[in-house]
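Q: Those sequence lines, one after another, are chains Z and W.
When we follow full-length UniProt numbering, the leftmost residue of the first sequence carries the number 1, and every step to the right adds one.
When we follow full-length UniProt numbering, the leftmost residue of the second sequence carries the number 1, and every step to the right adds one.
In short, the hints are calculated from the structure, not lab data.
Hints should not be assumed to be uniformly reliable.
[Unchecked claim] Okay, the calculated bits of chain Z under chain W, using three or more residues with CB under 8 angstroms as the criterion:
#: 1; region: 139-151
#: 2; region: 458-465
[Stated by the list, open to error] Short derived list, chain W residues pointing at chain Z, Cβ under 10 angstroms:
#: 3; residue: N492
#: 4; residue: R566
#: 5; residue: M615
#: 6; residue: L618
[Stated by the list, open to error] Lysine to any residue pairs mimicking SDA-like chemistry, simulated, CA-CA at most 25 angstroms apart:
#: 7; chain 1: W; residue 1: K228; chain 2: W; residue 2: F338
#: 8; chain 1: Z; residue 1: K143; chain 2: Z; residue 2: T31
#: 9; chain 1: Z; residue 1: K461; chain 2: W; residue 2: V603
#: 10; chain 1: W; residue 1: K457; chain 2: Z; residue 2: G450
#: 11; chain 1: W; residue 1: K240; chain 2: Z; residue 2: A375
#: 12; chain 1: W; residue 1: K30; chain 2: W; residue 2: K240
#: 13; chain 1: Z; residue 1: K461; chain 2: W; residue 2: Y606
#: 14; chain 1: W; residue 1: K457; chain 2: Z; residue 2: C377
#: 15; chain 1: Z; residue 1: K143; chain 2: Z; residue 2: Q177
#: 16; chain 1: W; residue 1: K457; chain 2: Z; residue 2: G60
#: 17; chain 1: W; residue 1: K240; chain 2: W; residue 2: V402
#: 18; chain 1: Z; residue 1: K154; chain 2: Z; residue 2: D144
#: 19; chain 1: W; residue 1: K457; chain 2: Z; residue 2: R17
#: 20; chain 1: Z; residue 1: K123; chain 2: Z; residue 2: E140
#: 21; chain 1: W; residue 1: K457; chain 2: Z; residue 2: E371
#: 22; chain 1: W; residue 1: K556; chain 2: Z; residue 2: M382
#: 23; chain 1: W; residue 1: K240; chain 2: W; residue 2: V404
#: 24; chain 1: W; residue 1: K413; chain 2: W; residue 2: P214
#: 25; chain 1: W; residue 1: K240; chain 2: W; residue 2: E324
#: 26; chain 1: W; residue 1: K457; chain 2: Z; residue 2: M382
#: 27; chain 1: W; residue 1: K556; chain 2: W; residue 2: P508
#: 28; chain 1: W; residue 1: K359; chain 2: Z; residue 2: G60
#: 29; chain 1: W; residue 1: K457; chain 2: Z; residue 2: C55
#: 30; chain 1: Z; residue 1: K143; chain 2: Z; residue 2: K164
#: 31; chain 1: W; residue 1: K413; chain 2: W; residue 2: R301
#: 32; chain 1: W; residue 1: K359; chain 2: Z; residue 2: D63
#: 33; chain 1: Z; residue 1: K123; chain 2: Z; residue 2: D63
#: 34; chain 1: W; residue 1: K240; chain 2: Z; residue 2: G18
#: 35; chain 1: Z; residue 1: K297; chain 2: Z; residue 2: D323
#: 36; chain 1: W; residue 1: K457; chain 2: Z; residue 2: P460
#: 37; chain 1: Z; residue 1: K381; chain 2: W; residue 2: T453
#: 38; chain 1: Z; residue 1: K461; chain 2: W; residue 2: K590
#: 39; chain 1: Z; residue 1: K123; chain 2: Z; residue 2: C55
#: 40; chain 1: Z; residue 1: K297; chain 2: W; residue 2: G609
Here the structure is a predicted model, which is why all the values come from computation and not from measurement.
For glycine and all other residues, C-beta sits at the position ideal for the given N, C-alpha and C.
In case you want the letters, here they are:
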Amino acid sequence: MKGLAQYFVQVRAWSVRGTVPHLIDSTSLLTQAILSDTPDVSQQVVRLTYTAAFCRFVTGLTDRALKGAYHRTMYKVARHLGLPTALVELRHAATHQKLLSLPVLRKATQRSLEWLWDNYWVKIKDLEMGTDPDRSSEIEEHKDLVRRILRPYKQSRVMRAKHKMPFDGDETAKVSQRIQDACSGSISKISVLIEVLLEPRFIIPDGRTLEDRVPLDIGFSLWNDILMTLSISMTSTFLPALLGGLLNDLCERSTAFTGNSTHKDNACLWISHILSSEEWKETLSVENIDLESVLQKCFMDPTDWTLKIASQLLAKDKTLEEDYAEMALLSQIQNKTDFQLPEFLTVGQSSKEQMEGAETKLISHVWGEVEEYEAECLRLKMLFDQTPTYEYLEEEHLDAVSLMSEDAANNEEEETATIPSDFQGMDGIGQSERKYVGGWTPKPDGGAPGWRRYEGHWIPKPIGTV
Amino acid sequence: MTKKRGRSHLEEDETSPLSAIATRKLARIKMQQNKDRESRNTHEALPPEPNKQRTTKRGVREETREQPNTRELLNKVKLISQNGEELILQTRPGSRLVILGEFSILVNSGEFSIMGARLRGGPQIHVVSAPLCHSLPVIECLSSAPLDLAEIKIQHYNSGIRSLHRVVPLFKHIWGGDPQIPLDKRPSFTTVHSTKSIPKYWKHEAKTLNLPEPWRQLISTLTGLCGKVAPPIIVAAGPKSAGKSVFCRHLYNSMLTNSTSEASNGLAFLDLDPGQPEFSPPGQVSLFHLRSPLFGTHFSRTYCSLTDGGHLVRSHYIGFSTPESDPDHFISCAVDLFTHYRKLLPACALVINTVGWVKALGLEILSNILRQSSASHLVWLTSEDLSTEEDHNLLWKSLEGVSVHKIPLQPTKHTSRTPADLRAMQILSYLHLSSRKKADTSRGSHGLLWDATPLTKQPPWVVGYSGPTPGIVGIAVLGEVLPIEMLATAINGTVVAIVVVEDDDALPEADADQKANDKTNIGKGEGPRGLGIHRDPVTNLPYIPTPNGAPLDPAKTFCAGLALIRGIDTANQSVHLVTPINVSSLPLGKPIVLARGRTELPVWAYIEGGKEASMPYLSFEKTAHMNLEVRTKPSDKDRGRA
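With the rest of the complex left out, here is chain W:
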């Protein structure tokens, strides 16, 4: 029997079965066709269910849907063993697998690639979380030992993040699986070989992550640079939602696993996008040192620490999700982080992710960053829009010694979660991090655990603000200078940053009047430093009034994390904080300041424990605004017009 190539369907003669060789040939043809189709699309919908066409005696072709055979997943991935907890698969090079949910990967033999990283056989376990609200990563088999099949083990993994939907509805329905089984009893992942494993309302949304060809080439080129003498400094820039974060993720995963000599040194990652940072809640810029590849969405990898995965080196709190409110502070934070990179990690390559703001002021900020960082490579994600090209051309020409790479945009098409929703999910997942960590964190897992108790039920940290050893020295408000009596109103029930002051010069000096008054207070609480801290006469809260609400100097302070002020206890002179940071690791002897930016606490946090009769800051009544809503749909009169 001969089979012609290039036919768009498979024929099967009912009378005589195909031989084994022919079956494999057919499978390879199909795979090739799939690949061709995929290289044309970027994000594509999930592969359709396998179907066969049969010819009846009259020669009419019918399609019959075949129940997916558990032994034959799509693209001929062979299932070796499957119990409720794990899945062992053997495949050939070229086959792909899409898994939805939360799981860990262990490669037994052969090489697999996922999200740009190249995983080889070994004891290293990698944890992946793939919710439906983002594009699903594809596990692809790259190579296997000759005459052998590559083998991979997928294991159940539970970090508690899948239970967050109990308190925050934004996390509902994103982990897939059979909706009939309650979430606790469900396996933590589902292989997607048919669209049946995805809930109905997500079917049109579920997309797999496929990189366009130019991206792949650029990533492999940049990865090849790693072994050279001077480590490359790569900046990724482009408009909003261009796919910069996805590109950076693939790039650093690839660099961490492909290059041989650099692998032991790790990679430095500078996250300068305060709107949607990779590893921290919104509003921060940070420098990370990465050692092993990381997979998962931004809300499932917050502050990986103390593992092989990566460590936070230094972080600053910007306060806003864009640098537009205070560009100078943003640039000084970036410069401080560069300085630390040079001091501490000079041998590591550096990947910088920037803000998606490339017009006017944003462009100026970007060129400033490029200069300060002495970048060697600029990756620009661009579309064909010509109106802003001139500015960009000028910029590119002005950069000397920087090789500019232009690649096409790949915007995400997900509409189920808006960027505001994703920011809310990021903050809430951060606040719900458990202070406990998984015991066995040695294997590249991040070891983070999430705690789905409502925030109102979690016992807080009680931090004194007066007395001989106060927990916090002062409270700063960024961007506003408030009269002292309004401080409690402004910060109660909000998210603040925990800023550690390394050098007391960062805090304002007391002015003459204060010094005269403070003389009596020395030893009673303000300390011998004579700091310019004002106290609220009613609540005794310490306020640090920086001029014009300027933030504290980033060279002398750093941010240790965020916290939620869940109450101010004036009777005991303490503040109640809910925070996931490891308090015992805050450096001794350094004053701690709480800084309030404009990080918004999503409404879900207030009503996690259920609605109560009287809740401050929340009202369920109809507001007067309803009358002033302006309709944005056309009326009949509008339709009549041209």
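So that you can see chain Z by itself, here it is in the shape it has in the complex:
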């Protein structure tokens, strides 16, 4: 019993921070009411405590809807939420009639707590499932679930393709809805979904068995619909995760399927298909995929495949081309592959010189130089200025000041007379000396011991951490 007190105190501490969700607050109050039901407390006081906690619970829960533009009775709201209407009636009785009897109140509190458990606490547990990395068994379950949804879909589409039948849009919609429900917005579950998709025999044909050896352009048409529907319905989470997963597979560090280069070829082809094909154009524009980040990732791990993708992206987009031309050069040099440099890199004298000069340096040397430069900047910064400089403020600050001072040229004397030098006096009030006793007068001297600015370089951290 005593161990429960810490939870009540926890809820009270949270209430100091901000609003505690009503259901958590109610749970705490109802439990405390039950705990106060001991023989040494007067019966009436116990009944009062139960009544107060119970009424708080029901009223707070149904209040939100009652005041809206469309008035609903409490009973309707309770039915909508799944709250037993008996509780609503008891609450009415407790408010308008005399004090209810103890057994009735005990039962009501118990039912309320049961309702809270089934409708709130258990569901939190469900949602948290995906985020705990130790729960590998649950992850496996989820993977199986996704596989079970996708396999029949894949088979039906393969059948249709073989028999040259048109694809069924409803089927895609249904499957996509089921997958969405299964993943229900949790980022970890989506990453599990991507893992399953990238397994052999799903998006990426394995090439091992005969029926899976479909040429990839048919493979595109098989999967395009479902992937596009999922990207649009799970906006900003699915498509970046898919691209990220595919790119990861192409990196050198990826341990999966290292021996099997066809997997990587296929992943590479998938990425270029998504990023540059006609069918995906619309989805891409809706999703706002940041091509730059894809490029950067490619250059971070230069392998044959990532560089292929990089060159395709650069060929497509002129602005990226300018920014990343040199990067492309350097990473190609490091990789020492003979993949064909895109045209724009071989054109022009300057680039040729770059090629010759660049041959001597590996990309890792360049990064080392960059790090040294950064360290030097940091040191200088710490030397000169503790506080960050806000350059834009400086410039405009000067502008405003200079503007004002233009007019001041004639009236300087007048101004100095009107500003009290130490601000203590208030001229012309009627008394010779005026001090703001007990107020906060911003005197220039004074100061609080024990208050000092943070020394050293401040690394940005989230609020609440040190």
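Based on the hints, put chain W in the right spot on chain Z.
A: The following block gives chain W in isolation, referenced to the frame of chain Z:
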């Protein structure tokens, strides 16, 4: 050519041009019509684009839209010079100008009025900030020297507040201007002569601030009282969103600039509305001494100090945005502020803004305040609702020696920013105040600068809480008595008030057990005072457990500002605070206490620096609440019912 008055449109004969005199006459007629229209509406939409009607040969009238000529703004305001930085305009009495954005005004000749203040020619620069989320102030020309035009100069002004949208999305799109140009390169203001200068999504929202006639009359009456022997004490009361703050603003601007003898003494302003204070972040009540008129919204004038504009005399932290959680503390704070007004500023008129709570308990609080302040005038903003009239009538009858003025409500119709949004903007703009001030603060500008670096990137103040010279003596929590081990959970990452304790009696005395223990601690940190400060065994945070979470006595403490506790460093026994107050001006030798009320830190503050993988106190996952949302729209079944 004769032109008939009263016609609702202007005719122009294509064949013969109008003479100059006729043009001016036409302009005056149009102005008169505009004025008539405006006096009927209160907040009105922006003036429409100027259009002309032409008659074709067949006599059919067509309307053609004319491109606004830069030399002729609405109502015949003549543009003298315009470069990217400033605008010099010459106008005649009666013409009006609406400018959106942030700018400073310098009157060269003639008299202009803006937000109730009457500005005359002189070197005084006034800074105005007019965002779209509030009604836009109107600059009106009142008079000019005979045979001469009045001249006004509008200048570019940058205080950094327009860059706050980089970190807080609530500040986006409220400053107007061409959306194509990035904010830094845009001029700081735009004259509104056509609806083109306002972004599309704001067009229906942008409103100009126009006072109804009863307000104008009352303000001029009250201003006239200023020169009398006993300075008037004026209380503004009314229900929520009645326009009390707007009324008070116009009133004190008018009193500061119209009356002659009082102008040098200034005006005292007592802000008793903790929900939306005029000059401070929410949760505080304060007494200000104002010297020159102030323009701008509540989030752009926080704590003007050290200028001609105004000074904070004394302030108290209530902790909540309404007095309903602790009415007695609220009243004792108000009484303390009255006492200071009497002691320090007896010759100044006093304007009091109250809470928008005029029913039941709120009414009792209000009558209490009226009695304690010995108010001489009560301005009541009322609607025609009769149900609460009886209470109010009783109240008014019970006030002796108080002249009651009733004026109609003028609620704001802005829906783009809810009151909660505005409170969030107020707190965030306060926390982003830069500790630097503009060098040249002599001209009536507030000299405040805003810093748009995310709060997570700003290096904090490191304040020790133990040792021989601790920065803070204790931490108090208003409204709750917490066990000591929960203190860190309760306050980390929250907004607290910096309370300066003038008299040690305000802090609770140590009880007998503590005194026995403290004897060993004397000289080690608790000081010889023997204060009742409890220390958390884990973090060593000092906690001041006031009985029932009562706040500290307002007669012996005052609030110096708010701060954000951005971290508790137990290893170094210090608290990291982000605060804009001028720390070097905190009085020496007085203990400082941090008080936690229920001021909410908006979510934007946590994610200003961008989302990170693990952020304490924030979760981006879906919560179980989603299943329990109750629909508030009618279903088909409901529609069938009567």
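Q: For each hint, tell me whether it holds in the structure or not.
A: Verification of the hints:
1. With a cut-off of 8 angstroms between beta carbons, the region 139-151 of chain Z has 0 residues touching chain W; three or more are needed, and the interface restraint is violated.
2. For a cut-off of 8 angstroms, the count of residues in the region 458-465 of chain Z with a CB near a CB of chain W stands at 7, and the three-residue condition holds.
3. Taken as an interface hint, W/N492 checks out: its beta carbon lies about 6 angstroms from the nearest beta carbon of chain Z, inside 10 angstroms.
4. Given the 10 angstroms rule on beta carbons, the hint for W/R566 holds: about 5 angstroms separates it from the nearest Cβ of chain Z.
5. The restraint placing W/M615 at the interface with chain Z holds, with a minimum CB-CB distance near 4 angstroms, inside the 10 angstroms limit.
6. Annotation: W/L618 was flagged as interfacial toward chain Z, and the flag holds, the nearest CB pair being 8 angstroms apart, inside 10 angstroms.
7. Taken as a hint, the W/K228 and W/F338 pair is honoured in the structure, with Cα atoms around 21 angstroms apart against an allowance of 25 angstroms.
8. For the suggested pair Z/K143 and Z/T31, the alpha carbons sit about 39 angstroms apart, so the restraint of at most 25 angstroms is broken.
9. Of the pairs offered as hints, the one joining Z/K461 and W/V603 holds, with about 16 angstroms between alpha carbons and a cut-off of 25 angstroms not exceeded.
10. Distance check on the hinted pair: W/K457 and Z/G450 sit about 22 angstroms apart at the alpha-carbon level, within 25 angstroms; holds.
11. Taking the CA atoms of W/K240 and Z/A375, the gap is about 57 angstroms. The hint is violated against a cut of 25 angstroms.
12. Taken as a hint, the W/K30 and W/K240 pair is broken in the structure, with Cα atoms around 37 angstroms apart against an allowance of 25 angstroms.
13. For a cut-off of 25 angstroms, the pair hint linking Z/K461 to W/Y606 stands: about 10 angstroms separates their Cα positions.
14. Taking the CA atoms of W/K457 and Z/C377, the gap is about 18 angstroms. The hint holds against a cut of 25 angstroms.
15. Our distance criterion of 25 angstroms between C-alpha atoms is met by Z/K143 and Z/Q177, whose separation comes to about 16 angstroms.
16. Restraint check: the Cα-Cα separation between W/K457 and Z/G60 comes to about 39 angstroms, which exceeds 25 angstroms; the hinted pair is violated.
17. Between W/K240 and W/V402 the CA atoms are separated by roughly 23 angstroms; this keeps the pair inside 25 angstroms, and the hint holds.
18. Note on Z/K154 and Z/D144: the hinted pairing holds, with a Cα-Cα distance of about 15 angstroms set against a maximum of 25 angstroms.
19. Of the supplied pair hints, the one linking W/K457 and Z/R17 holds, its CA atoms being roughly 23 angstroms apart against a limit of 25 angstroms.
20. Between Z/K123 and Z/E140, the direct Cα distance comes to roughly 20 angstroms. Compliance with the 25 angstroms bound is thereby established for this hinted pair.
21. The suggested pairing of W/K457 with Z/E371 holds, with an alpha-carbon distance near 22 angstroms, which does not exceed 25 angstroms.
22. For the hint linking W/K556 to Z/M382, the alpha-carbon distance of about 42 angstroms lies beyond 25 angstroms, and the restraint is violated.
23. The suggested pairing of W/K240 with W/V404 holds, with an alpha-carbon distance near 19 angstroms, which does not exceed 25 angstroms.
24. Straight-line distance between C-alpha atoms of W/K413 and W/P214 comes to about 20 angstroms, which keeps the hinted pair within the 25 angstroms bound.
25. Taken as a hint, the W/K240 and W/E324 pair is honoured in the structure, with Cα atoms around 14 angstroms apart against an allowance of 25 angstroms.
26. A distance of roughly 15 angstroms separates the Cα atoms of W/K457 and Z/M382; the hinted pair therefore holds under the 25 angstroms criterion.
27. Between W/K556 and W/P508 the alpha-carbon distance is near 12 angstroms, which keeps this suggested pair within the 25 angstroms criterion.
28. Between W/K359 and Z/G60 the alpha-carbon distance is near 23 angstroms, which keeps this suggested pair within the 25 angstroms criterion.
29. A hinted pair counts as satisfied when its Cα atoms are at most 25 angstroms apart, and W/K457 with Z/C55 does not qualify at roughly 46 angstroms.
30. Annotation: proposed proximity of Z/K143 to Z/K164 is violated, straight-line Cα distance about 31 angstroms (limit 25 angstroms).
31. Between W/K413 and W/R301 the alpha-carbon distance is near 22 angstroms, which keeps this suggested pair within the 25 angstroms criterion.
32. Simply put, W/K359 and Z/D63 have alpha-carbon atoms about 21 angstroms apart, close enough for the 25 angstroms limit, and the pair holds.
33. Under the criterion of a C-alpha separation no larger than 25 angstroms, the hint pairing Z/K123 with Z/D63 is consistent with the structure, at around 22 angstroms.
34. Restraint check for W/K240 and Z/G18: satisfied, since their Cα atoms lie roughly 24 angstroms apart, inside the 25 angstroms limit.
35. Distance check on the hinted pair: Z/K297 and Z/D323 sit about 15 angstroms apart at the alpha-carbon level, within 25 angstroms; holds.
36. Distance check on the hinted pair: W/K457 and Z/P460 sit about 4 angstroms apart at the alpha-carbon level, within 25 angstroms; holds.
37. Pair hint Z/K381 plus W/T453 holds up; C-alpha atoms about 17 angstroms apart against a cutoff of 25 angstroms.
38. Note on Z/K461 and W/K590: the hinted pairing is violated, with a Cα-Cα distance of about 32 angstroms set against a maximum of 25 angstroms.
39. As the CA atoms of Z/K123 and Z/C55 are separated by approximately 24 angstroms, the hinted pair is consistent with the 25 angstroms bound.
40. At most 25 angstroms may separate the alpha-carbon atoms for a hinted pair to count; Z/K297 and W/G609 meet this at roughly 23 angstroms.
Comparing the model with each earlier hint shows violations of hints 1, 8, 11, 12, 16, 22, 29, 30 and 38; every other hint is respected.
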